[in-house]
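J.: Sequence:
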Amino acid sequence: MPYPVFHLMFFVFCISLAGVFAVFGSSFKREMSLKDTRHIGFLLIVGSIGSLFPDVPAVWNYLLYGTLSHTRIGPLPTHSLLFGVVAFVLAVSSGYLIYRNISRACSIGVFAEAAFLSHLLLDDVADGGLTYLYPLYNEPLSIFIFMNVSLSGVDFFYYNFACFVSVFFIFCVMLMALLALRDLGFGFRYEPME
Numbered sequence: 001m002p003y004p005v006f007h008l009m010f011f012v013f014c015i016s017l018a019g020v021f022a023v024f025g026s027s028f029k030r031e032m033s034l035k036d037t038r039h040i041g042f043l044l045i046v047g048s049i050g051s052l053f054p055d056v057p058a059v060w061n062y063l064l065y066g067t068l069s070h071t072r073i074g075p076l077p078t079h080s081l082l083f084g085v086v087a088f089v090l091a092v093s094s095g096y097l098i099y100r101n102i103s104r105a106c107s108i109g110v111f112a113e114a115a116f117l118s119h120l121l122l123d124d125v126a127d128g129g130l131t132y133l134y135p136l137y138n139e140p141l142s143i144f145i146f147m148n149v150s151l152s153g154v155d156f157f158y159y160n161f162a163c164f165v166s167v168f169f170i171f172c173v174m175l176m177a178l179l180a181l182r183d184l185g186f187g188f189r190y191e192p193m194e
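Note that UniProt numbering gives residue 140 to position 140 of the sequence shown, counting from 1, and the numbers run on in steps of one.
Among the clues, some could well be false.
[To be verified] So the derived label-pair ranges between C-beta atoms look like this:
#	residue 1	residue 2	range
1	Asn138	Ser27	40 to 50 angstroms
2	Ala126	Ile45	21 to 31 angstroms
3	Gly41	Asp155	48 to 58 angstroms
4	Gly25	Leu82	35 to 45 angstroms
The set of hints was computed from the structure by calculation and includes no laboratory data.
Every residue gets a Cβ at the ideal spot worked out from N, C-alpha and C, and that includes glycine.
Using the sequences plus the hints, can you model the full thing?
T.: Following this line, the structure appears as C-alpha cells:
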C-alpha cells in the first residue's frame, strides 16, 4: 500500500494535470477571481478525499483498535468498485449542494471517482490484486499481473494484450478526470465559471 501522501501526489500531478496546468497559466495572467479560487479549492478537496476514500477504515481502526487495517468496513471491501459508488454518490451530493446544477454535480462525481480509481490502481500495482468486483467475485484480481512477466513465459499475443489492458485502465481513469475537468471549466486554459 502506498502512503497517503503518494496517493495525493499522484492525484494532483497525474489525474488532475490539466487543472494544475490551467491554474498556473491563469495565475500568471492574473485571470482568476476569488470565486474561481473557491471553485478550485473545492475540486482539490473533493479529489483529495476521493483519492484517500478507500483508506477511510484505517483511521477508524487506528482510533479504536490501534491497527492500520484499511481494506474493509465490516464485510464490505473498501478497495472495490462497489465502494467507489459510495464515493461517487457523496461527491455528486456535495457538488449539487455547492453548485445547484446536476451537470456540474455529476462532473464533480466523475472527478472524485477518477481520484478513487487512481487509488485502487496504485494499490493494485503495489499489492498485486484487489477485490475490484465484490460482491460478484470475492477473490483479488490484478489489472497489472502481467507487467513483470517475461515475454518468454507467455504467448506473445497474450502478453501484449495484457499490457494493453493495463495501460488502457490507466488511460480510462485519466480520461474520466480530463472530461470532468473540461466540464468544470478546465482545459489547457481555465475558463471562469459563469
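J.: Per the hint of 21 to 31 angstroms, is the separation of the Cβ atoms of Ala126 and Ile45 within bounds?
T.: This hint holds: roughly 25 angstroms between Cβ atoms.
J.: Evaluate the given range 48 to 58 angstroms for the C-beta pair formed by Gly41 and Asp155.
T.: This hint holds: roughly 50 angstroms between Cβ atoms.
J.: Between the beta carbons of Gly25 and Leu82, is the distance compatible with 35 to 45 angstroms?
T.: holds, 38 angstroms
J.: Indicate whether the distance between the beta carbons of Asn138 and Ser27 respects the range 40 to 50 angstroms.
T.: holds, 47 angstroms
Of the numbered hints given earlier, the model fails none.
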